[in-house]
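Asker: Line order of the protein sequences matches chains F and C.
Residue 47 in the numbering used here sits at position 47 of the first sequence, and the numbers go up by one each step.
Convert by adding 103 to the 1-based position in the second sequence; the result is the number in the numbering used here.
Source of the hints: derived by calculation from the structure; they are not laboratory data.
Certain hints may be false.
[Unchecked claim] Facing chain C, from chain F, some residues (calculated, C-beta under 7 angstroms):
| # | residue |
| --- | --- |
| 1 | M1 |
| 2 | D6 |
| 3 | G8 |
| 4 | G9 |
| 5 | A39 |
| 6 | Y42 |
| 7 | Y43 |
| 8 | N47 |
| 9 | I48 |
| 10 | D49 |
| 11 | M50 |
| 12 | Y53 |
Heads up, the beta-carbon is just placed ideally off N, CA and C, and yes, glycines get one too.
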Amino acid sequence: MNGAHDLGGMDGFGPIAPERNEPVFHDEWERRAFALTLAMGYYGLWNIDMSRYARERMDPAAYLRSSYYEHWLHGLETLLVEQGLITREELDAREAELAREGT
Amino acid sequence: MPVLKAAHVEATLRKGGSTRVDTAVAPKFKVGDKVVVRNLNPLGHTRAPRYVRCKRGVVQRDHGVFVFPDANARGEGPAPQHVYSVRFEGDAVWGPDAPANEAIYVDLWDDYLDPA
Numbered sequence: 001m002n003g004a005h006d007l008g009g010m011d012g013f014g015p016i017a018p019e020r021n022e023p024v025f026h027d028e029w030e031r032r033a034f035a036l037t038l039a040m041g042y043y044g045l046w047n048i049d050m051s052r053y054a055r056e057r058m059d060p061a062a063y064l065r066s067s068y069y070e071h072w073l074h075g076l077e078t079l080l081v082e083q084g085l086i087t088r089e090e091l092d093a094r095e096a097e098l099a100r101e102g103t
Numbered sequence: 104m105p106v107l108k109a110a111h112v113e114a115t116l117r118k119g120g121s122t123r124v125d126t127a128v129a130p131k132f133k134v135g136d137k138v139v140v141r142n143l144n145p146l147g148h149t150r151a152p153r154y155v156r157c158k159r160g161v162v163q164r165d166h167g168v169f170v171f172p173d174a175n176a177r178g179e180g181p182a183p184q185h186v187y188s189v190r191f192e193g194d195a196v197w198g199p200d201a202p203a204n205e206a207i208y209v210d211l212w213d214d215y216l217d218p219a
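This is chain C alone, in the form it adopts within the complex (with noise of 0.2 angstroms):
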């Protein structure tokens, strides 16, 4: 099992984690789509926040593509796939009682959305 030595913490550290991929996956989405998060109530490890699910939004920005976490928490391997920033409006999500010119933005992969 490779060992991190002092000598190589700060280039890791600063290298970070980052799940993205190189892998050429197309999105199921574009900027200016609009999409509803599907109601997932997985077992497992999830990145689709509760209160996001079964609300509309607008693909704001592609992020390009990721591990997908579910699977990969369950050490399924990556399944890589796109990620969007997703707009979602204040009554959307909160309903009439939302303070006015509210929106959430939300990391979501493609595998947490429909198009709506």
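Bound conformation, chain F alone (with noise of 0.2 angstroms):
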């Protein structure tokens, strides 16, 4: 699929900057993202390449809006939609939740 994800060879966004001394993680959610990735992964529902093409997947704007991390969260978040471990329903009422309790 052509997607915003193929970025290979565009100069219009700029030089890379790579990040000296670059953390494994820049914030503590991250760390949770990749664990929970991993995890859930281990049930073994999906496989590296279905995982890669739910990250594809993400509305084009707002993958380029977004940070490595929140690809495979949202990716992450398809996949259990998908596979029926969780309704959009629910992930939406938690995401409200959280938002109230302002986290």
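Join these two chains into a complex; the hints should help.
Answerer: Structure, rendered in structure tokens:
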């Protein structure tokens, strides 16, 4: 699929600026998103290529605005819903709950 | 469904998630072969980047046999095949404005390539 993920060779985004002493995770939620993705992948309901494709199907404009682990989290949510492990309604309800708690 | 227990996390991470397989599959190309990347525009997942499609390169290394991502992403099984490191000269990809002496190496599966 030709999508926003296929950025190779595009120079309009400007030069890549590698971060000095880049940490493995920039925030605690990234660590959790990574762990959740691996833990759920262990179920064996999808493979690595399905995971990548789930990230690639993110809305292109949203994809370009979001960070690496936001792509991971979005892909995981897509797979969880598609495999019937959670419903979109459950996900939306929990997000609304967290927003009310201000976290 | 198997559950990842805390005690198994380290060993699981160290093992990694390589999609290399032991299946005996004949390679379509050998080191030194001239190839051209097919003009593929599949609706699903692919690991053939747009910027090398229809570009000519030379097989530099045969990495061995791996699961084919395009089929695997559709849940159609591994469709195992050889993956090569293909070298593209800068001007073959970017045209005459390419920096001198630039080359790009891209890992590409058999089904992405035709003889050139």
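Asker: Taking the least C-beta to C-beta distance, is I48(F) closer than 7 angstroms to chain C?
Answerer: holds, 6 angstroms
Asker: Hold the hint about A39(F) up to the distance rule: shortest CB distance to chain C must be less than 7 angstroms.
Answerer: holds, 5 angstroms
Asker: Would you check whether M50(F) satisfies its interface hint, that is, whether its CB is within less than 7 angstroms of any CB in chain C?
Answerer: holds, 5 angstroms
Asker: Against chain C, with CB atoms and a cut of 7 angstroms, does the hint on M1(F) hold up?
Answerer: Hint on M1(F): holds, closest Cβ of chain C at ~6 angstroms, below 7 angstroms.
Asker: Regarding the hint that D6(F) lies at the interface with chain C, is the smallest CB-CB distance below 7 angstroms?
Answerer: Nearest chain C Cβ about 5 angstroms off; hint holds.
Asker: Identify whether the interface hint at N47(F) stands, where standing means a beta carbon of chain C within less than 7 angstroms of its own.
Answerer: With a closest approach of 6 angstroms, the N47(F) hint holds.
Asker: Grab the minimum C-beta distance from Y42(F) to chain C and call the hint holds if it beats 7 angstroms, violated otherwise.
Answerer: holds, 4 angstroms
Asker: Any CB of chain C closer than 7 angstroms to the CB of Y53(F)?
Answerer: holds, 4 angstroms
Asker: With chain C as the partner, please determine if G9(F) meets the hint condition of a C-beta pair closer than 7 angstroms.
Answerer: Holds. Min distance 3 angstroms.
Asker: Given a cut of 7 angstroms on the nearest C-beta pair, is the interface hint for D49(F) held or broken against chain C?
Answerer: holds, 4 angstroms
Asker: Using the nearest Cβ pair, does Y43(F) come within less than 7 angstroms of chain C?
Answerer: Check passed: Cβ of Y43(F) comes within 4 angstroms of chain C, closer than 7 angstroms.
Asker: Does G8(F) hold up as a contact with chain C if the rule is Cβ-Cβ below 7 angstroms?
Answerer: holds, 4 angstroms
When the structure is compared with the earlier hints, no violation turns up for any of them.
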